[in-house]
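Chemist: Please arrange chain B on chain A, whose structure you already have, making use of the hints.
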Amino acid sequence: DGGITQSPKYLFRKEGQNVTLSCEQNLNHDAMYWYRQDPGQGLRLIYYSQIVNDFQKGDIAEGYSVSREKKESFPLTVTSAQKNPTAFYLCASSIGGLDTEAFFGQGTRLTVV
Amino acid sequence: KQEVTQIPAALSVPEGENLVLNCSFTDSAIYNLQWFRQDPGKGLTSLLLIQSSQREQTSGRLNASLDKSSGRSTLYIAASQPGDSATYLCAVMAGTALIFGKGTTLSVSS
Numbered sequence: 001d002g003g004i005t006q007s008p009k010y011l012f013r014k015e016g017q018n019v020t021l022s023c024e025q026n027l028n029h030d031a032m033y034w035y036r037q038d039p040g041q042g043l044r045l046i047y048y049s050q051i052v053n054d055f056q057k058g059d060i061a062e063g064y065s066v067s068r069e070k071k072e073s074f075p076l077t078v079t080s081a082q083k084n085p086t087a088f089y090l091c092a093s094s095i096g097g098l099d100t101e102a103f104f105g106q107g108t109r110l111t112v113v
Numbered sequence: 001k002q003e004v005t006q007i008p009a010a011l012s013v014p015e016g017e018n019l020v021l022n023c024s025f026t027d028s029a030i031y032n033l034q035w036f037r038q039d040p041g042k043g044l045t046s047l048l049l050i051q052s053s054q055r056e057q058t059s060g061r062l063n064a065s066l067d068k069s070s071g072r073s074t075l076y077i078a079a080s081q082p083g084d085s086a087t088y089l090c091a092v093m094a095g096t097a098l099i100f101g102k103g104t105t106l107s108v109s110s
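Each protein sequence line maps, in turn, to chains A and B. Using this note's numbering, the letters of the first sequence map in sequence onto residues 1 to 113. Using this note's numbering, the letters of the second sequence map in sequence onto residues 1 to 110.
Bound-form chain B, shown alone:
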């Protein structure tokens, strides 16, 4: 059964730091991997989608990589800002629906 793990569970950094969030999955047979952002009490906002044939995707200060063979993905956030504070969720499409990790809660202090 596919399992998704995100490390660390929580992360606090000062403004301006570059940071990396990690996501690992147990079965490499995935169709795609998606990174989401969730603010407290809100729904999920899609940040980046990486197809299984791709190695990385970039959007502004965000860069996500995918290594299917090792079952890993990273989300790189450059020059972090207080507005980046949120929970970041990783999910893989394996089968017919997304399977989620428990998320990394990021706090960026000014």
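Pulled out of the complex, with its shape left as it was, chain A reads as follows:
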């Protein structure tokens, strides 16, 4: 089955730790995205990548980092600099270009303990 896989589904982080969220797609899509969802705030863009080895900051990139070494993978690291990391994180992909349909994974819920 083609799709986007996010792991883990639930993640707990202690104060001061870095954690990495995985996003893998087998749709042969060029573009990949990371969004954060908080109650009552909708989805906000963290980072996006239009092609391998290239990525751009979104609206709320501070405290996050990404890499795009392979077309299929776009991992997101939540660093200790992120002041309020507890949220639902969603990864998406699209073929690329500006008029293509985006598809989403099932999300990772990160909680700081």
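None of these hints come from the bench; they were simulated from the model. Please note that the accuracy of each hint is not assured.
[To be verified] Below, simulated DSBU-like cross-link-like pairs (lysine-lysine); rule was C-alpha separation at most 35 Å, straight line: (1) A:LYS70 <-> A:LYS83; (2) B:LYS42 <-> A:LYS57; (3) A:LYS70 <-> B:LYS42; (4) A:LYS9 <-> A:LYS57; (5) A:LYS83 <-> A:LYS57; (6) B:LYS68 <-> A:LYS57; (7) B:LYS68 <-> A:LYS14; (8) A:LYS14 <-> A:LYS71; (9) B:LYS1 <-> B:LYS68; (10) A:LYS71 <-> B:LYS102; (11) A:LYS14 <-> B:LYS102; (12) B:LYS102 <-> A:LYS70; (13) B:LYS1 <-> A:LYS71; (14) B:LYS1 <-> A:LYS57; (15) A:LYS83 <-> B:LYS1; (16) B:LYS1 <-> A:LYS70; (17) B:LYS42 <-> A:LYS83; (18) A:LYS83 <-> B:LYS68; (19) A:LYS57 <-> B:LYS102; (20) B:LYS102 <-> B:LYS42; (21) A:LYS9 <-> A:LYS71; (22) B:LYS102 <-> A:LYS83; (23) B:LYS1 <-> B:LYS102; (24) A:LYS14 <-> A:LYS70; (25) A:LYS9 <-> B:LYS42; (26) B:LYS1 <-> A:LYS9; (27) A:LYS71 <-> B:LYS68; (28) B:LYS42 <-> A:LYS14.
Modeler: Coordinates of chain B only, in the frame set by chain A:
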């Protein structure tokens, strides 16, 4: 800066009703508009994609329209069912990524 607004924030209807969800955006320079469905604790499921050159798209009981000049889109759900209960999100592609509204949470009672 592009902003997307969805009204109402929540809607409750009895089963069988036809209903309309509204989405508005501030900048008409969009490439496309997409409607999504989200169940609690889950990811987003794409429902309909309308390209900027199109006026509407249909899928089963769903029909979405787009009026770029007025910055509006509507999602029409015919003969609603309890299984339609979810949050519906509207997003526009303006620039290099989707910009989302906050969603409309729909509850359909049997």
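Chemist: Please flag the earlier hints that this structure goes against, numbers listed from lowest up.
Modeler: 7, 18
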